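There are 2 protein chains.
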Amino acid sequence: MKKEIGRFERMYPNPAVLVSCSDGIRDNIITIAWAGTVCSNPPMISVSIRPSRYSHELIIASKEFVINIPESKLIAACEHCGTISGRECDKFKENKLSRQTGSFLKTPMIKECPISIECSVKKIINLGSHDMFIGEVLAVHADESIIYSDGDIDYEKIDMLSHLMGYYFKNKIIK
Amino acid sequence: MKKEIGRFERMYPNPAVLVSCSDGIRDNIITIAWAGTVCSNPPMISVSIRPSRYSHELIIASKEFVINIPESKLIAACEHCGTISGRECDKFKENKLSRQTGSFLKTPMIKECPISIECSVKKIINLGSHDMFIGEVLAVHADESIIYSDGDIDYEKIDMLSHLMGYYFKNKIIK
Chain A
57 MKKEIGRFER MYPNPAVLVS CSDGIRDNII TIAWAGTVCS NPPMISVSIR PSRYSHELII
117 ASKEFVINIP ESKLIAACEH CGTISGRECD KFKENKLSRQ TGSFLKTPMI KECPISIECS
177 VKKIINLGSH DMFIGEVLAV HADESIIYSD GDIDYEKIDM LSHLMGYYFK NKIIK
Chain B
57 MKKEIGRFER MYPNPAVLVS CSDGIRDNII TIAWAGTVCS NPPMISVSIR PSRYSHELII
117 ASKEFVINIP ESKLIAACEH CGTISGRECD KFKENKLSRQ TGSFLKTPMI KECPISIECS
177 VKKIINLGSH DMFIGEVLAV HADESIIYSD GDIDYEKIDM LSHLMGYYFK NKIIK
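Residue numbers (this note's numbering), protein chains in the order written: chain A, 57 to 231; chain B, 57 to 231.
This is chain A alone, in the form it adopts within the complex:
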């Protein structure tokens, strides 16, 4: 039997991605769960961010962001980058993360994440508490250690995360 429960966001899974951003001078990292693929051609990813957030200000200025996909060893960084404001600290330094230059954007990628996706903002849609930034994928970067010779990713080699209502989940291929 089903029962009606609280009218919250109960979608599952949500990602837990580290989004890096920059206005060309300052940069920041924000942990995002409200994100997902929204189109295949062109490939597009959306991230939703509250207007009060420092990262919102940086992305509005530059119209770009990088999705960095963390492994489970970066959970502490995910928690830190999701709770502390980048107005008050350098999140790369505080979390011992390294900046890495991508192919197209001024925004740095995070070296410690096995996959980084450079995105250029095409639309910004105000939905209420959050603005949704729709970014077109310009380039995907993956660690050489996790890719096959044809350039495809070996997902058995990544210890990926998902997130829901404060919980982190490990993910294992079953089929």
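Simulated from the structure, these hints should not be mistaken for laboratory data. One or more hints might be untrue.
One copy or two, either will do: identical chains are not told apart, so a pair holds if it fits within one copy or between any two.
Unchecked claim - Derived lysine to aspartate or glutamate pairs resembling DMTMM-like cross-links, with alpha carbons at most 25 Å apart:
no. : residue 1 : residue 2
1   : K162      : E60
2   : K58       : D206
3   : K226      : E135
4   : K149      : D187
Computed from a prediction, not measured in an experiment: that's the story for all the values here.
Fit chain B to the known structure of chain A by using the hints.
Chain B only, in chain A's frame:
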């Protein structure tokens, strides 16, 4: 060292949800990976669907859909509902799934999924290969067997799935 690879949708995790839809006369189920939470207040979920799909036609007509979250035992139904067109068959019948009436919509929920989320379409955005339907959550229904007395969900009790590039993943709480 990172290497630039194919410019595909490499966001992870993607959900694998069974979206039910109806125009008031006919109904259908489509498996969707391009979906995610996009706003907290009001709670909103997006699903992206190719205009050629039967479900696209039904959702355009009714402006409503239901997100049904499957457990891993429904992988065969996820594969069937993601590859066969509902123009040719009754996917409820073919996958031995049962219709269940929700609180607000004409669209049936899927009884065999532990969580069903009724959504009313607020925006439709053409992005290229896919149209994004942004739905406001009207009600969340969960099996009594997976909820605590306060109505919150016990995620340890659900054998949830995620999806990427043709692979299905099991999810286990780690923190």
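How the hints compare with the structure:
Taking CA atoms no more than 25 Å apart as the test, K162 paired with E60 passes between copies only; the shortest distance there is 16 Å, against 46 Å inside one copy. In this assembly of identical chains, K58 and D206 lie within 25 Å of each other by CA distance solely across copies; the values are 15 Å between and 46 Å within a copy. Taking the shortest Cα distances, K226 and E135 sit within 25 Å of each other both inside one copy (15 Å) and across copies (22 Å). Taking the shortest Cα distances, K149 and D187 never come within 25 Å of each other, neither inside one copy (28 Å) nor across copies (40 Å).
Comparing the model with each numbered hint stated earlier shows that hint 4 is the single one that does not hold.
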